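Number of protein chains: 2
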Amino acid sequence: MIEDKNQQRTELSQLGEFGLIDHLSKNFEVKQQSTIKTIGDDAAVLEFKDKRVVVTTDFLVEGVHFDLSYMPLKHLGYKAVIVNLSDVYAMNAEATQVTVSIAVSNRFPLEAIEELYAGIQTACKLYNVDLVGGDTTSSTSGLIISVTAIGQVDKDKEVYRSGAKPNDLLVVSGDIGGAYLGLQVLEREKEVFKVNPNNQPDLEAYTYIIERQLKPEARKDVIKLLQDLDVKPTSMIDISDGLSSEILHLCKHSKVGCDLYENKLPLDPQVISTCEEFNLDSTTIALNGGEDYELLMTVSQEDFPKIKANPNLTVIGYITEENAGAHLVTRADQKIKLTAQGWNSFDKD
Amino acid sequence: MIEDKNQQRTELSQLGEFGLIDHLSKNFEVKQQSTIKTIGDDAAVLEFKDKRVVVTTDFLVEGVHFDLSYMPLKHLGYKAVIVNLSDVYAMNAEATQVTVSIAVSNRFPLEAIEELYAGIQTACKLYNVDLVGGDTTSSTSGLIISVTAIGQVDKDKEVYRSGAKPNDLLVVSGDIGGAYLGLQVLEREKEVFKVNPNNQPDLEAYTYIIERQLKPEARKDVIKLLQDLDVKPTSMIDISDGLSSEILHLCKHSKVGCDLYENKLPLDPQVISTCEEFNLDSTTIALNGGEDYELLMTVSQEDFPKIKANPNLTVIGYITEENAGAHLVTRADQKIKLTAQGWNSFDKD
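Sequence lines, in order, name chains U and X. The first sequence begins at 1 in full-length UniProt numbering and counts up one residue at a time. The second sequence begins at 1 in full-length UniProt numbering and counts up one residue at a time.
Same shape as in the complex, but just chain U (with noise of 0.2 Å):
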């Protein structure tokens, strides 16, 4: 797609390093109250008071993270931004800023890279975040995108990954797997494409798992709805590698265990029709499927009455003692040790 002959192809030697941040961080407001000093300077400039500051980053690597024969530069820049707000949130805190740095090859123009920061200034828009850096370089090959995240929280209500105790409830906000299948269907006609390129696929039957891996959304609503319930997690974690894997990162930290229900797991039912039609479990895909940007959190007993009747919150389980392990309790009643095959960039090759 970026390399359609057709469309309008300015070479970023054309514009420079300078001009280049200048002319594409220019359209962004700044809207938080606690950003100084934007871009245009050495640093950014923030005041955060008697705040509490959350720093996370991540990286994001193209042919490793993500493919641009069906991941359009809009929302790739979109989701640069919600991978990393979702660490935020994470930590019960309001995401505020972030900063951008791409290292790009030749092959974009500017063009391209216009779309790319109008997918990341629409995320900027509608979680209420400023952009306050970054960098712009040249790449020997492929795109390359370095987010940086940072929040406000007040002091003592941020949430860590080591807070759980022995029966707390485990939580999960919305329905998982579905990110993972979505990128299963892409991957698909990806294929059916390079085999048949007049052919016109039809995805309405994938459309809500295809936006949940294209265009994902960070739950800042789900952190209101805390706030609004007055519960505090007792820990927290954002689901970026399958659920699977984080559960055991809260049982790490927290040194504890946990029965997590196969039968109280939240799929959508597209998630349950593609499985069949893929011939894939759907516990294995809610268990492994990474990338679906949910939140996981464990929550006191006490706490039960204020979410139980919560459309956005589903218990899938409890936290047990440590020496107990952590168990995936199947439909048939049956006790399977939980292991982690989350994704690990290092193994591609």
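A portion of the hints provided could be inaccurate.
One copy or two, it doesn't matter: identical chains are merged, so the pair holds either way.
In silico DMTMM-like cross-links for lysine to aspartate or glutamate, where the CA-CA straight-line distance does not exceed 20 Å [said to hold, decoys possible]:
{"no.": "1", "residue 1": "Lys37", "residue 2": "Asp154"}
{"no.": "2", "residue 1": "Lys335", "residue 2": "Glu322"}
{"no.": "3", "residue 1": "Lys125", "residue 2": "Glu29"}
{"no.": "4", "residue 1": "Lys37", "residue 2": "Asp156"}
{"no.": "5", "residue 1": "Lys252", "residue 2": "Asp22"}
Hints listed in this document are in silico derivations from the structure and should not be mistaken for laboratory results. Please read all numbers here as calculations on a predicted model, not as lab measurements.
Chain U is fixed; fit chain X onto it per the hints.
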């Protein structure tokens, strides 16, 4: 060097992403009071109380910003941190934390990445900053490093690029041009090595300029000095792209002009002798050679008595009205318009 067959070689995939982060960060100590929670959760948690926060980020890309054939990985790790701290100091702030993300191809064994992190750790220790986050992932080619540095500054003590006023003095720390010349020497030795791999280069005459290139320092000491002298510069920037380019940034942001005096440029004797050897004009090198990471600032005339005897600071010119333009006043008392020939990574190839 890193592909020496005799070295121990542990594949990164043996550790996986989580194992790698834990392994690499386990020897880093937390020193800053503002670091509440470091690596190991979704985000770091920091607390700056009534201080303002500065944030800056930079990419270093193999084949664009560094060449591993003469840049040892330990030095590279050190430099990656330094170039970011330099931006923090250029705000008149104190550097407190960094996050470091790396994307590496499979050609790097664990031992190579440990070398890189040894350099990062040395820089963190020496500059008293905490490593509080990062990401490790695979890349399809080469090594890419993204560092974000965070600092703190008392409210209204931060110094921007935009505060220079006519009649202010233009001041630079240390000496300039060395880092660029060091690179020229290293590039020449690389070519010699290609022709005759048994040649043992004698680099005795270039120790200072090679160190400027391979192991630059950020001027934390100058920020401390300014504080001790009770001098708040009216504007400041660090010299990463070349003196000329940085002066033009200050002039543009401050809406002023300047006269820069050729005979005031601070040059190390090794810079002068190496320029002669390479048949280069030392003024051109001082103006356009980058990566010295010295601080360029403007200081009010009334502060002149405080700085004039200081060996770390050289007055190289003064600020004029904007419509006077930015000029170099040569030894022959000619005025030449200053132009930026600073480095642009998109021009390469």
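Hints, verified against the model:
Within a single copy, Lys37 and Asp154 get their C-alpha atoms only as close as 22 Å, which misses the 20 Å cut-off; across copies the closest is 14 Å, which meets it. Taking the shortest Cα distances, Lys335 and Glu322 sit within 20 Å of each other inside one copy (16 Å), while across copies they are farther apart (76 Å). Taking the shortest alpha-carbon separations for Lys125 and Glu29, only the intra-copy value of 8 Å comes in at or below 20 Å, while the best inter-copy value is 37 Å. Taking CA atoms no more than 20 Å apart as the test, Lys37 paired with Asp156 passes between copies only; the shortest distance there is 12 Å, against 27 Å inside one copy.
Proximity of Lys252 to Asp22 under the C-alpha cut-off of 20 Å is restricted to the inter-copy arrangement: shortest distance 13 Å between copies versus 45 Å within a copy.
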